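Engineer: So the number in this note's numbering is just where the residue sits in the sequence shown, counting from 1, plus 1170.
The list that follows gives simulated cross-link-like pairs (lysine-lysine, BS3-like), each with its CA atoms no further than 27 Å apart:
hint: 1; residue 1: K1302; residue 2: K1179
hint: 2; residue 1: K1187; residue 2: K1308
hint: 3; residue 1: K1288; residue 2: K1187
hint: 4; residue 1: K1205; residue 2: K1321
hint: 5; residue 1: K1308; residue 2: K1288
hint: 6; residue 1: K1205; residue 2: K1288
hint: 7; residue 1: K1302; residue 2: K1195
hint: 8; residue 1: K1179; residue 2: K1195
hint: 9; residue 1: K1323; residue 2: K1308
hint: 10; residue 1: K1220; residue 2: K1321
hint: 11; residue 1: K1288; residue 2: K1302
hint: 12; residue 1: K1323; residue 2: K1205
hint: 13; residue 1: K1320; residue 2: K1308
hint: 14; residue 1: K1323; residue 2: K1220
hint: 15; residue 1: K1288; residue 2: K1195
hint: 16; residue 1: K1302; residue 2: K1183
hint: 17; residue 1: K1308; residue 2: K1195
hint: 18; residue 1: K1195; residue 2: K1281
hint: 19; residue 1: K1320; residue 2: K1281
hint: 20; residue 1: K1288; residue 2: K1320
hint: 21; residue 1: K1205; residue 2: K1308
hint: 22; residue 1: K1205; residue 2: K1281
hint: 23; residue 1: K1183; residue 2: K1288
hint: 24; residue 1: K1281; residue 2: K1302
hint: 25; residue 1: K1321; residue 2: K1281
hint: 26; residue 1: K1281; residue 2: K1308
hint: 27; residue 1: K1288; residue 2: K1321
hint: 28; residue 1: K1302; residue 2: K1205
hint: 29; residue 1: K1320; residue 2: K1220
hint: 30; residue 1: K1281; residue 2: K1323
Source of the hints: derived by calculation from the structure; they are not laboratory data. The structure displayed is predicted, hence computed values, not measured ones.
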Amino acid sequence: LDAILSGYKVYEKQSIKQYIEIRNKMTDQLLDYNKRANAIIDTFASGFQKSALALLSFYASTIVIRVLTTGNFMNVFTLDATVLAFAFLIISTVYFFIARWEVDAQISRFKSSYNNMKERYHDLLEESDISKILNNDKDFSEDIDFIEEKKTKYSCLWIGIIAILTI
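All chains, please: the whole structure from these sequences, using the hints.
Structural biologist: See below:
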(Lines of atoms letter the chains of each structure in order from A and count residues from 1; the text may use other names and numbers.)
(Lines give C-alpha, C1' and ligand atoms only; values in the text may rest on other atoms or scores of the structure.)
Protein backbone atom coordinates (compact mmCIF):
# COMPACT_ATOMS: atom_id res chain seq x y z
CA LEU A 1 0.00 0.00 0.00
CA ASP A 2 2.87 2.37 0.83
CA ALA A 3 4.45 1.63 -2.54
CA ILE A 4 1.17 2.33 -4.32
CA LEU A 5 0.71 5.62 -2.44
CA SER A 6 4.30 6.66 -3.17
CA GLY A 7 3.88 5.74 -6.82
CA TYR A 8 0.67 7.77 -6.99
CA LYS A 9 2.36 10.80 -5.40
CA VAL A 10 5.20 10.58 -7.95
CA TYR A 11 2.64 10.28 -10.76
CA GLU A 12 0.66 13.23 -9.35
CA LYS A 13 3.79 15.41 -9.11
CA GLN A 14 4.76 14.54 -12.70
CA SER A 15 1.24 15.34 -13.90
CA ILE A 16 1.22 18.67 -12.10
CA LYS A 17 4.65 19.47 -13.52
CA GLN A 18 3.43 18.67 -17.05
CA TYR A 19 0.26 20.70 -16.50
CA ILE A 20 2.31 23.70 -15.37
CA GLU A 21 4.63 23.32 -18.38
CA ILE A 22 1.64 23.27 -20.76
CA ARG A 23 0.15 26.27 -19.02
CA ASN A 24 3.44 28.17 -19.26
CA LYS A 25 3.73 27.33 -22.97
CA MET A 26 0.26 28.69 -23.58
CA THR A 27 1.12 31.84 -21.64
CA ASP A 28 4.28 32.28 -23.71
CA GLN A 29 2.24 31.86 -26.87
CA LEU A 30 -0.18 34.55 -25.65
CA LEU A 31 2.74 36.93 -25.20
CA ASP A 32 3.88 36.09 -28.74
CA TYR A 33 0.38 36.86 -30.03
CA ASN A 34 0.51 40.22 -28.30
CA LYS A 35 3.84 40.97 -30.00
CA ARG A 36 2.36 39.91 -33.34
CA ALA A 37 -0.59 42.25 -32.83
CA ASN A 38 1.81 45.12 -32.21
CA ALA A 39 3.86 44.16 -35.26
CA ILE A 40 0.76 44.14 -37.48
CA ILE A 41 -0.16 47.70 -36.61
CA ASP A 42 3.45 48.89 -36.51
CA THR A 43 3.84 47.87 -40.14
CA PHE A 44 0.72 49.82 -41.10
CA ALA A 45 1.83 52.85 -39.06
CA SER A 46 5.25 52.71 -40.67
CA GLY A 47 3.66 52.74 -44.12
CA PHE A 48 1.57 55.74 -43.13
CA GLN A 49 4.59 57.59 -41.80
CA LYS A 50 6.64 56.93 -44.92
CA SER A 51 3.83 57.98 -47.22
CA ALA A 52 3.03 61.11 -45.24
CA LEU A 53 6.70 62.07 -45.04
CA ALA A 54 7.16 61.61 -48.78
CA LEU A 55 4.08 63.69 -49.60
CA LEU A 56 4.87 66.44 -47.14
CA SER A 57 8.50 66.56 -48.27
CA PHE A 58 7.43 66.91 -51.88
CA TYR A 59 4.92 69.65 -51.12
CA ALA A 60 7.31 71.51 -48.82
CA SER A 61 10.20 71.35 -51.26
CA THR A 62 7.97 72.42 -54.17
CA ILE A 63 6.66 75.41 -52.23
CA VAL A 64 10.08 76.42 -50.89
CA ILE A 65 11.79 76.13 -54.28
CA ARG A 66 9.02 78.05 -56.02
CA VAL A 67 8.95 80.80 -53.41
CA LEU A 68 12.74 81.13 -53.46
CA THR A 69 12.92 81.31 -57.25
CA THR A 70 9.98 83.67 -57.79
CA GLY A 71 9.86 85.48 -54.49
CA ASN A 72 6.06 85.24 -54.12
CA PHE A 73 3.42 82.81 -52.90
CA MET A 74 1.18 83.12 -55.94
CA ASN A 75 0.96 80.27 -58.48
CA VAL A 76 3.27 78.05 -56.46
CA PHE A 77 2.24 74.93 -58.36
CA THR A 78 2.97 74.91 -62.06
CA LEU A 79 1.24 72.44 -64.34
CA ASP A 80 4.18 70.04 -64.10
CA ALA A 81 4.27 70.29 -60.32
CA THR A 82 0.49 69.78 -60.12
CA VAL A 83 0.63 66.66 -62.30
CA LEU A 84 3.50 65.30 -60.22
CA ALA A 85 1.61 66.12 -57.00
CA PHE A 86 -1.48 64.25 -58.20
CA ALA A 87 0.72 61.31 -59.22
CA PHE A 88 2.17 61.20 -55.69
CA LEU A 89 -1.33 61.44 -54.19
CA ILE A 90 -2.61 58.61 -56.38
CA ILE A 91 0.39 56.45 -55.48
CA SER A 92 -0.14 57.20 -51.80
CA THR A 93 -3.84 56.31 -52.10
CA VAL A 94 -3.06 53.02 -53.83
CA TYR A 95 -0.41 52.28 -51.21
CA PHE A 96 -2.99 53.04 -48.50
CA PHE A 97 -5.42 50.46 -49.89
CA ILE A 98 -2.67 47.87 -50.27
CA ALA A 99 -1.51 48.49 -46.69
CA ARG A 100 -5.09 48.15 -45.38
CA TRP A 101 -5.59 44.95 -47.36
CA GLU A 102 -2.35 43.63 -45.87
CA VAL A 103 -3.47 44.50 -42.31
CA ASP A 104 -6.82 42.80 -42.89
CA ALA A 105 -5.05 39.69 -44.23
CA GLN A 106 -2.73 39.66 -41.21
CA ILE A 107 -5.69 40.04 -38.84
CA SER A 108 -7.40 37.08 -40.50
CA ARG A 109 -4.22 35.01 -40.23
CA PHE A 110 -3.77 36.14 -36.62
CA LYS A 111 -7.29 34.95 -35.73
CA SER A 112 -6.81 31.65 -37.53
CA SER A 113 -3.48 31.04 -35.85
CA TYR A 114 -4.94 31.76 -32.43
CA ASN A 115 -7.87 29.41 -32.98
CA ASN A 116 -5.49 26.70 -34.22
CA MET A 117 -3.39 27.12 -31.09
CA LYS A 118 -6.49 26.63 -28.94
CA GLU A 119 -7.46 23.52 -30.91
CA ARG A 120 -4.02 21.95 -30.42
CA TYR A 121 -4.47 21.94 -26.67
CA HIS A 122 -7.85 20.19 -26.70
CA ASP A 123 -6.07 16.82 -26.61
CA LEU A 124 -4.17 17.79 -23.48
CA LEU A 125 -6.53 20.01 -21.50
CA GLU A 126 -10.20 20.38 -20.76
CA GLU A 127 -12.11 23.22 -22.42
CA SER A 128 -12.58 24.90 -19.03
CA ASP A 129 -8.82 24.83 -18.40
CA ILE A 130 -8.12 26.30 -21.84
CA SER A 131 -10.67 29.05 -21.23
CA LYS A 132 -9.20 29.79 -17.82
CA ILE A 133 -5.62 29.91 -19.12
CA LEU A 134 -6.65 32.11 -22.04
CA ASN A 135 -8.77 34.29 -19.75
CA ASN A 136 -11.85 33.58 -21.89
CA ASP A 137 -10.04 35.04 -24.93
CA LYS A 138 -9.93 38.45 -23.24
CA ASP A 139 -6.32 39.22 -24.25
CA PHE A 140 -6.97 38.04 -27.78
CA SER A 141 -10.09 40.21 -28.08
CA GLU A 142 -8.20 43.19 -26.70
CA ASP A 143 -5.42 42.64 -29.26
CA ILE A 144 -7.97 42.53 -32.10
CA ASP A 145 -9.69 45.67 -30.76
CA PHE A 146 -6.31 47.41 -30.47
CA ILE A 147 -5.41 46.57 -34.07
CA GLU A 148 -8.79 47.69 -35.39
CA GLU A 149 -8.71 50.93 -33.39
CA LYS A 150 -5.21 51.82 -34.56
CA LYS A 151 -6.04 50.82 -38.13
CA THR A 152 -9.03 53.16 -38.08
CA LYS A 153 -7.06 56.06 -36.59
CA TYR A 154 -4.16 55.73 -39.02
CA SER A 155 -6.59 55.33 -41.92
CA CYS A 156 -8.35 58.57 -40.97
CA LEU A 157 -5.03 60.38 -40.69
CA TRP A 158 -3.82 58.95 -44.00
CA ILE A 159 -6.99 59.85 -45.88
CA GLY A 160 -7.07 63.24 -44.15
CA ILE A 161 -3.57 64.10 -45.29
CA ILE A 162 -4.31 62.96 -48.83
CA ALA A 163 -7.53 65.03 -48.86
CA ILE A 164 -5.83 68.13 -47.48
CA LEU A 165 -2.96 67.89 -49.93
CA THR A 166 -5.37 67.26 -52.80
CA ILE A 167 -7.23 70.45 -51.95
